[in-house]
Amino acid sequence: LQGVAYDTMLESYVFNSTATRHDMDSLAQAYLNLKTIKFEEVAGKGAKQLTFDQVPLEQAAPYAAEDADITLRLHQAIWPKLSAESGPKSVFESIEIPLVPVLSRIECTGVRIDSAMLVKQSGELAMRMHKLEEQAYEIAGRSFNMGSPKQIGQIFFEELELPVISKTPKGAPSTAESVLQELAEQGHELPQVILSHRSLAKLRSTYTDKLPGMVDPDTGRVHTSYHQAVAATGRLSSSDPNLQNIPVRTEEGRRIRQAFVPEDGYRMVAADYSQVELRIMAHLSGDEALLGAFSDGMDVHRATAAEVFGVASEDVTSDQRRSAKAINFGLIYGMSAFGLAKQLGVERSVAQEYVDLYFERYPGVREFMDSIRADAHQKGYVETVFGRRLYLPEINSRNGMRRAAAERTAINAPMQGTAADIIKLAMLDVDAWIRNDEPDVRMTMQVHDELVFEVAEDQLDPAVEQISRRMSQAAELKVPLVVDVGIGDNWDEAH
Numbered sequence: 001l002q003g004v005a006y007d008t009m010l011e012s013y014v015f016n017s018t019a020t021r022h023d024m025d026s027l028a029q030a031y032l033n034l035k036t037i038k039f040e041e042v043a044g045k046g047a048k049q050l051t052f053d054q055v056p057l058e059q060a061a062p063y064a065a066e067d068a069d070i071t072l073r074l075h076q077a078i079w080p081k082l083s084a085e086s087g088p089k090s091v092f093e094s095i096e097i098p099l100v101p102v103l104s105r106i107e108c109t110g111v112r113i114d115s116a117m118l119v120k121q122s123g124e125l126a127m128r129m130h131k132l133e134e135q136a137y138e139i140a141g142r143s144f145n146m147g148s149p150k151q152i153g154q155i156f157f158e159e160l161e162l163p164v165i166s167k168t169p170k171g172a173p174s175t176a177e178s179v180l181q182e183l184a185e186q187g188h189e190l191p192q193v194i195l196s197h198r199s200l201a202k203l204r205s206t207y208t209d210k211l212p213g214m215v216d217p218d219t220g221r222v223h224t225s226y227h228q229a230v231a232a233t234g235r236l237s238s239s240d241p242n243l244q245n246i247p248v249r250t251e252e253g254r255r256i257r258q259a260f261v262p263e264d265g266y267r268m269v270a271a272d273y274s275q276v277e278l279r280i281m282a283h284l285s286g287d288e289a290l291l292g293a294f295s296d297g298m299d300v301h302r303a304t305a306a307e308v309f310g311v312a313s314e315d316v317t318s319d320q321r322r323s324a325k326a327i328n329f330g331l332i333y334g335m336s337a338f339g340l341a342k343q344l345g346v347e348r349s350v351a352q353e354y355v356d357l358y359f360e361r362y363p364g365v366r367e368f369m370d371s372i373r374a375d376a377h378q379k380g381y382v383e384t385v386f387g388r389r390l391y392l393p394e395i396n397s398r399n400g401m402r403r404a405a406a407e408r409t410a411i412n413a414p415m416q417g418t419a420a421d422i423i424k425l426a427m428l429d430v431d432a433w434i435r436n437d438e439p440d441v442r443m444t445m446q447v448h449d450e451l452v453f454e455v456a457e458d459q460l461d462p463a464v465e466q467i468s469r470r471m472s473q474a475a476e477l478k479v480p481l482v483v484d485v486g487i488g489d490n491w492d493e494a495h
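Residue 224 in the numbering used here is what sits at position 224 of the sequence shown, and the numbering runs on without skipping anything.
Since the hints were derived computationally from the structure, they do not count as laboratory data.
Please note that the accuracy of each hint is not assured.
[Claimed, not checked] Taking lysine-lysine and the DSS-like style, the derived pairs with C-alpha atoms no more than 25 Å apart in a straight line are:
id: 1; residue 1: K325; residue 2: K202
id: 2; residue 1: K120; residue 2: K202
id: 3; residue 1: K81; residue 2: K35
id: 4; residue 1: K167; residue 2: K150
id: 5; residue 1: K325; residue 2: K89
id: 6; residue 1: K150; residue 2: K89
id: 7; residue 1: K342; residue 2: K167
id: 8; residue 1: K131; residue 2: K48
id: 9; residue 1: K120; residue 2: K150
id: 10; residue 1: K342; residue 2: K325
id: 11; residue 1: K131; residue 2: K38
id: 12; residue 1: K38; residue 2: K48
id: 13; residue 1: K45; residue 2: K35
id: 14; residue 1: K89; residue 2: K120
id: 15; residue 1: K120; residue 2: K210
id: 16; residue 1: K81; residue 2: K342
id: 17; residue 1: K120; residue 2: K131
[To be verified] Restraint ranges, calculated between C-beta atoms of paired labels, are given here:
id: 18; residue 1: T317; residue 2: V482; range: 35 to 43 Å
id: 19; residue 1: Q473; residue 2: E367; range: 39 to 47 Å
id: 20; residue 1: A432; residue 2: V482; range: 51 to 59 Å
id: 21; residue 1: A432; residue 2: Q186; range: 49 to 57 Å
id: 22; residue 1: E182; residue 2: N436; range: 25 to 33 Å
Just so you know, even glycine gets a beta-carbon here, dropped at the ideal spot from N, CA and C.
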């Protein structure tokens, strides 16, 4: 076989990522108006489910034949639509289809895990959780089930008489995470203790307890699965295990990353794009001040702070830079002055003043945002630099909240989607170099804007140079693409 030429899941995904799920059964219903035979119908479900070789031939044959028949019919239904649109067709042919074997190689390579370290961490997390439980019981004046919303609600709102922030659909006071966060911000101690406990419990169940059991006994490595047709914007997702959600900013998350290690004689190399979405914003908006800040290699948050607060760059305080960073990233995600005020802990009027000053200093950004919103309302979709489309079904909704959410997506999707396209193109180029030149280098993970490699110690310098150059040249923007490369004996150290 020459390799995969078409893939109906990817055809559907690139044609319209939000219209339907992209599995064969959903697509058959959407494009062919056909109800397919489900695997459960021939093999049963649950603990008694048969493996396919145990299914009687008279049931297996129609099921298997339908799979082949429907796949071809779906291609015949979707491909003419997709190939009529030059942008999406190009994304399919030059990004998504070539990426399939690259992801296959990354999955097969896997990443080495120090299971003993994770088992030790799990024990330590259990001890910390126990201490938090004791602390919670002391504050509450009695023991209770920390996993029970009903018991937590009783203690919070009946016994401790904490303010009710919001209610569930059934009318009970809510103990959702957002409510706990708000109560913690108001200075209430118990909600903060419960939040800390939940955070540790999630890390323990998702990573320190689970990862050792997912190590392949033959390879000593975990082999995640990457999914191309899940995230609407073009980003990859991963599962079994999900390696893209390990916290990077917390001490506990960093310790989990320390258990991701290279083979003996190799080092871990992590290469990630610096502020890539802001750079794409500068490229798309064409704002001269923002383009200038990136082209001159300035600290863009410091430059924004200098512009917004009207001070010289060298006089910017750490608080001003922090505020500027929140503004820069907040505006990319369509954050309102209200959201910014909450994040910075300032009055809404002060946050609005920051936003107004920002747009005064970077008028091209405002013009870009206004034009992309108008464009989205007219066309019903937005596009990345490479022609990937994201349809926005709610962009003209009568419901104001849904419409506003779609407008925020209209601003962010071209940036997040372009960043996804850029790293995918970089992966194609780096993989081609590894296959053609055969350096002792393995690509082991992709985590949004970051690629992780295992590199032989005696090849570090040339490998880092190749990786850095190929990633920074993956796209030609009006500003340079900057790649930060770290080297270490584990994933955390390489950050």
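So, going through the hints one by one against the coordinates:
1. With a CA separation close to 29 Å, the supplied pair K325 and K202 exceeds the 25 Å bound.
2. For the suggested pair K120 and K202, the alpha carbons sit about 16 Å apart, so the restraint of at most 25 Å is met.
3. At roughly 22 Å between alpha-carbon atoms, K81 and K35 fall within 25 Å of each other, so this suggested pair holds.
4. Distance restraint check for K167 and K150: the Cα-Cα separation of roughly 13 Å lies within the 25 Å cut-off, and the hinted pair is therefore satisfied.
5. Distance restraint check for K325 and K89: the Cα-Cα separation of roughly 36 Å exceeds the 25 Å cut-off, and the hinted pair is therefore not satisfied.
6. Restraint check for K150 and K89: the C-alpha separation of about 52 Å exceeds 25 Å, so the hint is violated.
7. For the given pair, K342 sits about 21 Å from K167 by alpha-carbon distance, which is consistent with the 25 Å threshold.
8. The hinted pair formed by K131 and K48 fails the criterion: a straight-line CA distance of about 42 Å is larger than 25 Å.
9. With a C-alpha separation of about 33 Å, the suggested pairing of K120 with K150 is violated against the 25 Å cut-off.
10. Straight-line distance between C-alpha atoms of K342 and K325 comes to about 14 Å, which keeps the hinted pair within the 25 Å bound.
11. Taken as a hint, the K131 and K38 pair is broken in the structure, with Cα atoms around 48 Å apart against an allowance of 25 Å.
12. Distance restraint check for K38 and K48: the Cα-Cα separation of roughly 16 Å lies within the 25 Å cut-off, and the hinted pair is therefore satisfied.
13. At roughly 19 Å between alpha-carbon atoms, K45 and K35 fall within 25 Å of each other, so this suggested pair holds.
14. The straight-line distance between the Cα atoms of K89 and K120 is roughly 49 Å, outside the 25 Å bound, and the hint therefore fails.
15. Restraint check: the Cα-Cα separation between K120 and K210 comes to about 13 Å, which is no more than 25 Å; the hinted pair holds.
16. At roughly 45 Å between alpha-carbon atoms, K81 and K342 are farther apart than 25 Å, so this suggested pair is violated.
17. At most 25 Å may separate the alpha-carbon atoms for a hinted pair to count; K120 and K131 meet this at roughly 17 Å.
18. Between T317 and V482 the CB atoms are about 25 Å apart, so this pair departs from the stated range of 35 to 43 Å.
19. Taking the beta carbon of each, Q473 and E367 are about 29 Å apart, not inside 39 to 47 Å as hinted.
20. Checked against the given bound of 51 to 59 Å, the beta carbons of A432 and V482, roughly 22 Å apart, lie outside it.
21. For the hinted restraint 49 to 57 Å between A432 and Q186, the CB-CB distance of approximately 55 Å keeps it satisfied.
22. At about 55 Å, the CB distance of E182 to N436 disagrees with the hint of 25 to 33 Å.
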